[in-house]
Amino acid sequence: MTDQINKTKALFAVFIMVLLMIATRGHANWLSSITHLPDFTVPALFIAGIYLRQFWVAFLIIISAIAIDNYAIVYEGVSANCITPAYSVLPFTYYAIFWVGKYIGSLNIDTSIIKNALIIILAASAQWLVATSSYYFFTATYAKTGWANFPAYMSQWSTAEILPVLYWMVAISIVFTLNHRYSFIPYFSSQKS
Numbered sequence: 033m034t035d036q037i038n039k040t041k042a043l044f045a046v047f048i049m050v051l052l053m054i055a056t057r058g059h060a061n062w063l064s065s066i067t068h069l070p071d072f073t074v075p076a077l078f079i080a081g082i083y084l085r086q087f088w089v090a091f092l093i094i095i096s097a098i099a100i101d102n103y104a105i106v107y108e109g110v111s112a113n114c115i116t117p118a119y120s121v122l123p124f125t126y127y128a129i130f131w132v133g134k135y136i137g138s139l140n141i142d143t144s145i146i147k148n149a150l151i152i153i154l155a156a157s158a159q160w161l162v163a164t165s166s167y168y169f170f171t172a173t174y175a176k177t178g179w180a181n182f183p184a185y186m187s188q189w190s191t192a193e194i195l196p197v198l199y200w201m202v203a204i205s206i207v208f209t210l211n212h213r214y215s216f217i218p219y220f221s222s223q224k225s
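Residue numbers (the working numbering): 33 to 225.
Honestly, the hints are just simulated from the structure, not real lab data. It is possible that part of the hints are untrue.
Pair ranges (Cβ atoms, derived) [said to hold, decoys possible]:
1) Leu69 / Ser157: 13 to 23 Å
2) Gly178 / Ile206: 40 to 50 Å
3) Pro117 / Tyr214: 42 to 52 Å
4) Tyr135 / Tyr107: 18 to 28 Å
5) Leu154 / Thr177: 22 to 32 Å
6) Asn113 / Val162: 17 to 27 Å
7) Gln188 / Lys39: 41 to 51 Å
8) Gln36 / Ala99: 24 to 34 Å
9) Thr191 / Gln86: 31 to 41 Å
10) Trp189 / Leu69: 13 to 23 Å
11) Trp189 / Tyr107: 38 to 48 Å
Cross-link-like lysine-lysine pairs, in silico, DSSO-like; alpha carbons within 27 Å at most [claimed, not checked]:
12) Lys134 / Lys147
13) Lys134 / Lys39
14) Lys41 / Lys134
All values derive from a computational prediction rather than experimental measurement. We treat Cβ as the ideally placed atom computed from N, Cα and C, and that holds for glycine.
All chains, please: the whole structure from these sequences, using the hints.
Structure representation (structure tokens):
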């Protein structure tokens with residue numbers, strides 16, 4: 033019975049995270065006219081790795097990200113520019129974020145905040161670097177100049193794409209710290225072992 037309750041709570045948490053991904057995945061949607069929140073996919077995978085820790089959760093979040101992109105391209109007319117053979121690398125980088133999240137005890141702001149922040153910064157940067165370099169490899173720029181323009185490409189896009197993930201993680205850490213103290217979402221109020 034307890035396992036069923038925990039699975040139901042995990043499904044509800046994944047449902048909320050997928051809703052946030054739909055609202056923020058960077059495609060033109062109903063929310064984009066109200067606000068421009070950064071993509072929630074990588075933070076969702078960190079949360080899943082830290083608190084939910086099961087492969088099916090990561091799989092569901094990754095499949096949802098792919099489905100959201102597919103829907104946006106097929107039904108919303110979003111450019112398929114980023115859909116190259118490199119797109120097949122993206123699920124692996126997402127799974128790596130989930131896996132790294134398993135090494136973080138909690139998102140509470142406590143004595144391990146420096147260690148957790150460094151892990152999150154390094155993991156988010158590495159995920160971005162692998163995904164971006166694989167995408168760059170399949171662009172016309174690479175075909176013309178090789179890796180010569182990659183440093184300029186990195187400097188142009190790294191800040192714009194890595195910092196929003198870190199902003200999400202700061203906001204999430206504040207929420208989880210407050211939750212740990214006041215337990216308004218009991219399922220996430222304790223550290224996972």
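Here is what the structure says about each hint:
At roughly 21 Å, the beta carbons of leucine 69 and serine 157 sit within the given window of 13 to 23 Å. A beta carbon spacing of about 43 Å between glycine 178 and isoleucine 206 agrees with the range 40 to 50 Å that was offered as a hint. Checked against the hint of 42 to 52 Å, the C-beta distance between proline 117 and tyrosine 214 comes to roughly 47 Å, which is consistent with it. For tyrosine 135 paired with tyrosine 107, a C-beta distance near 38 Å fails the hint of 18 to 28 Å.
At about 29 Å, the CB distance of leucine 154 to threonine 177 agrees with the hint of 22 to 32 Å. Judged by the Cβ atoms, the range 17 to 27 Å given for asparagine 113 and valine 162 holds: they are separated by roughly 19 Å. At about 43 Å, the CB distance of glutamine 188 to lysine 39 agrees with the hint of 41 to 51 Å. The given range of 24 to 34 Å is respected by glutamine 36 and alanine 99, whose C-beta atoms sit roughly 26 Å from each other.
Threonine 191 and glutamine 86 have their C-beta atoms about 33 Å apart, which keeps the hinted 31 to 41 Å range intact. Taking 13 to 23 Å as the suggested C-beta distance range, the pair tryptophan 189 and leucine 69 conforms, at roughly 18 Å. Restraint check, tryptophan 189 to tyrosine 107: a C-beta distance of roughly 27 Å breaks the suggested window 38 to 48 Å. With a C-alpha separation of about 14 Å, the suggested pair lysine 134 and lysine 147 falls inside the 27 Å cut-off, and the hint holds.
For the hint linking lysine 134 to lysine 39, the alpha-carbon distance of about 18 Å falls within 27 Å, and the restraint holds. Between lysine 41 and lysine 134 the alpha-carbon distance is near 19 Å, which keeps this suggested pair within the 27 Å criterion.
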